[in-house]
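Protein chains: 4
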Amino acid sequence: MKAARFYEVGKPLKIENVDIPRISDSEVLVRVRSCGICHTDLHFIDEGLIKPGKVPQIMGHEAAGDVVEVGERVKDVKVGDRVLIHFYFSCGECYYCRRGRESLCVSPEFQHFGFTTDGGYAEYAKAPARSIIKLPSQLPYDAGILVDAGSTAYHAVREIGKVRLGDFVVIIGSGGVGLCTLQMAKLSGATVMAVDISSDKLDAAKSLGADHVANPTVDNLYEEVRRLTDGRGADVIFELVGLSETMGRAVDILAKGGRLVFIGYSKDDLTINPRRLVTGELQIVGSRASSRYETVEVVNLVRDGRFKLDPLITHRVSLDEVNEGLDLVRRGESIRVVVRP
Amino acid sequence: MKAARFYEVGKPLKIENVDIPRISDSEVLVRVRSCGICHTDLHFIDEGLIKPGKVPQIMGHEAAGDVVEVGERVKDVKVGDRVLIHFYFSCGECYYCRRGRESLCVSPEFQHFGFTTDGGYAEYAKAPARSIIKLPSQLPYDAGILVDAGSTAYHAVREIGKVRLGDFVVIIGSGGVGLCTLQMAKLSGATVMAVDISSDKLDAAKSLGADHVANPTVDNLYEEVRRLTDGRGADVIFELVGLSETMGRAVDILAKGGRLVFIGYSKDDLTINPRRLVTGELQIVGSRASSRYETVEVVNLVRDGRFKLDPLITHRVSLDEVNEGLDLVRRGESIRVVVRP
Amino acid sequence: MKAARFYEVGKPLKIENVDIPRISDSEVLVRVRSCGICHTDLHFIDEGLIKPGKVPQIMGHEAAGDVVEVGERVKDVKVGDRVLIHFYFSCGECYYCRRGRESLCVSPEFQHFGFTTDGGYAEYAKAPARSIIKLPSQLPYDAGILVDAGSTAYHAVREIGKVRLGDFVVIIGSGGVGLCTLQMAKLSGATVMAVDISSDKLDAAKSLGADHVANPTVDNLYEEVRRLTDGRGADVIFELVGLSETMGRAVDILAKGGRLVFIGYSKDDLTINPRRLVTGELQIVGSRASSRYETVEVVNLVRDGRFKLDPLITHRVSLDEVNEGLDLVRRGESIRVVVRP
Amino acid sequence: MKAARFYEVGKPLKIENVDIPRISDSEVLVRVRSCGICHTDLHFIDEGLIKPGKVPQIMGHEAAGDVVEVGERVKDVKVGDRVLIHFYFSCGECYYCRRGRESLCVSPEFQHFGFTTDGGYAEYAKAPARSIIKLPSQLPYDAGILVDAGSTAYHAVREIGKVRLGDFVVIIGSGGVGLCTLQMAKLSGATVMAVDISSDKLDAAKSLGADHVANPTVDNLYEEVRRLTDGRGADVIFELVGLSETMGRAVDILAKGGRLVFIGYSKDDLTINPRRLVTGELQIVGSRASSRYETVEVVNLVRDGRFKLDPLITHRVSLDEVNEGLDLVRRGESIRVVVRP
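Protein chains in written order, with our numbering: chain Z, 91 to 431; chain B, 91 to 431; chain E, 91 to 431; chain W, 91 to 431.
Each hint should be verified, as a subset may be incorrect.
Since the list gives no way to pick out one identical chain from another, each pair is judged satisfied if it fits inside one copy or across any two copies.
[Claimed, not checked] Straight line, CA to CA, 27 Å or less: simulated DSSO-like cross-link-like pairs of lysine-lysine:
#, residue 1, residue 2
1, K296, K398
2, K216, K141
3, K346, K398
4, K165, K216
5, K224, K165
6, K252, K398
7, K224, K346
8, K92, K252
These aren't lab readings, by the way, just hints derived from the structure by calculation.
Given the structure is predicted, the values throughout are model-derived calculations rather than measurements.
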């Protein structure tokens, strides 16, 4: 089969012919139809922030397709099912999994689809049956992006950010995950300000329901947020950029008792005097991906027409064009690019 | 009356004769019998980290005594009552007070007893009736230390740290507030490790119920905590030292999903890569003092013999000796020193 | 001034001339412009379920108007302000008020506007300044209904029902408070089924965003809910009818781990075997009115165009017609009737 | 092997010779060394409140012993391990299991050890490897009672009752689970009143740390609780008796905002007017058994000397004497009886 494999930091993925994966008795084989390109791929390919489990490594972790083979012990998935692959292959038995926090799985057998084990930039991919999610007939294969972009936003907003009706929420960074976070926060009843330096992305944010948008190179974010919140500041902030200055600004605009949620992989460090945490009872927390069951719930939101998938997908490329797709992400010219193997 | 007043950063307090405070119709006047010396006083006197509301300023914020006069509109306090003065004079009407988070009061009329308004290192002090707490007959005046040391620990453990039965808790810094935090965490059902560089303080921690103690200059904290928690790390850590190295170490020993709570005023900054917050879903939060109602609950714990007050008070000095008392705190030779005006 | 006063259970209110109330130094006098009629009035007038604080008693507890006089010590309200009167005159100092749960106030001075003290079916009404809420210029006086119908729904959905994005919510009873609850649940991200025996009310529910509606005399509620939730049942149910059969049905359609929230005053008892609570870990809870700060937040939702006030008000009557207004409510022919004194 | 089997409601268990169970590749076989007799057995044997999965049925669900055989796919358990059998054989994959709420498992394959599948009143018993818990060497086999009595109490206090430092807790019914609940509530920092009509059980409660005890046939429970709580009532009540009068009394002594937790299987119904729930914002909830991971935590509490196991076990009988053991429970003369097969 054809696949796009990572060999070395800073080099393009190689499009190669490799063997179709062989499944164990608890796994399924999927003919991949769509696989989203996520900004995290660049942290891996360009920066080496995340280490591959092996080299060469097929990348891609937002995959959807058709089941073409199932292991002997697999019960709830069958050949012909249209499915998503949840990209955290959690064990189901460790301290965290038994408590329902699958993205914190500490099993030595834990695998990270597309990072530590072969992923979805390929014609075929295998996954444990327990990481498979049925795709309702109303949803296109491009719903593959829900397993990361959509579900990461859902988990961050609902479980970690605990956004509630009436909250004032700021989202710093309006790319793919940012616009998903925006939608989830709006659905949860928040008033939302989207922040970005790209006016295209701010336009996208507006069309997806942002109540306010701001470009920090032009607008005085601090003044704006204070004005809109009776001087109080934001109840919850999602930080998806990870640069010193955006992080510092985030702390400045947080209300007393407010919560700053990090999503994704920052390059820069955050430096803060704990006195600020104390005097404002601020909370700084991280949110990591999602549990499989959260992706199920996100799929339902799309099925019910409440979460909008289409506007997020701005480009589609073939498997041969995966490096061009990565370039689009690199240049910030897309929201979500999907690869169609 | 005699009072100890702050004039200038780096200078001793001056013992002077000043007028007895005049009360408004909603205030009460208290003949101060005991006032604890808190480490925060040094951040004020030595470092200027906290700014006085006025100069000169009578310091001291852990005061107890007898009510000698009450304003016309005061209903629930009367002359002769033995009382504590809760040191956060919150307004009761602002955004945070109406939600029960009095220590975040944002009223322009908010006062901080002993910091922005005259405090308890004096023969008399005044306070709003709504900040007064009755002292049961079983408790000595030295229970004044409960309004800060005791209640700050209670709030940090119960409301912010959310310590629960079965948690593994580490307390970094075993001074006055640290030993109160230890007691509160033990009462909440945690297994507790107390950390300090002073063996005297670790001995005190042991006698107050610490399950484990560690001296980071001798012990490998990281190994110890991993060993005691099946490799998982601490569920909740209270950091009361505020030095770069103790803060960094705290992050290292936190379990996935764990919570690092800052109490008190650090000098150093915390530097952390948000990636660590994300991959471990760590939470870093600040805890600020307490609401008056929490002090009421702490008083009940002492009354019922569950929280031990006596071992915390290692020295008693007269008002004339307040600078000697501050020196004891400076040199780390005491747990709690109280001034007896 | 003209006022409508209650004398006896089962008798109409009498329209009479009475003295304009005199205010204390912490109260304000309001020229009432609008006062909603609430179904709870009937529990009082027709059934005697709630006892008057005195007889005769001016009723009406959803009042808005203009401030015409303020007490000497009142700071944040001034003559000419357009205001709402929060109808729970909580003390601000008791166990519950200090914890931010004002509707549970246990002060002997607690008053219930329009029930234990004179209310808003009058040309003038007085209230403590701390129960006053500013009415933004965009909102009409009929926003008076927000202090009960709107805020009670907000509190029930957000604080007690803890409705979250993705929840399946059922609202049993689609009158005034029910339709407010529907809106709040939709704003919080729930999928909502509205239940009523009146097709007019179900139509109103649909137009306000209900995803599903059901008439229990026609539809098989149990089957419907199971079908829509993959067999699981409702996550949160709000019960506003209070009849044996609606309550029993509510328990039947609750998911394991689900929450049944009672709002308002039921006549019938609920009978349940605790075994059902145990095997399903069901929660049955009550929600009482709201704190003043929650009404402020509801006012903001209306100001921002997120909560719809207009469709709720179906009838407007003069003060002389208050008994006709009450009849409309009695016959279930209205959503909300407001009195314009 | 020898086993005690249920045939018919109202009849004694029959001691018989039956085949040793055969295990599947994911199960383990245990030589049972101890199995606690639980009051729930009587609801099954005497009242038929719980239905057997098959007849005849080996009963007993609090089992501990030695692993003598393991299935081929079992990884973390080996022959010779001393173990407990968690009695809820949850699936690990359903809606509730994936969220960490194993006792609500809705899989058709869910089994209830000793109720729907053969249990521990036998020389051998089999169980899925994922329901097995290692028994530390310090703990005796009689720790089998922890899987129900201990863990049910832990789950009820920590997860459902959410008992916190400073709460006033009442436990109605001081048998085996009641005394475990008492210990868990004490460990969580509550002030606890134990209630029972047996003075022996109240003595046991006192020796296990009850702050107050009351016999409702002698003491005025209402007055006592109000007196001890400044008139407020109990924050959390655990009801383990399930009679109309104890349940009604429980509602009477609950504080506003308080929580009444049902554990176990009541015969009587609870009748309550929802108005009481509303005016007091009361919460009535059920607590069901526990997840396996909670039993692990309870085992750690015993290992660390914090939860006392010994005083709970008042009688030990052989397998042949199981009906005599059940009689002891029937007559209320024991705390916990264990069978030693």
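Broken hints, numbered, in rising order?
When the structure is compared with the hints, numbers 3, 8 turn out to be violated.
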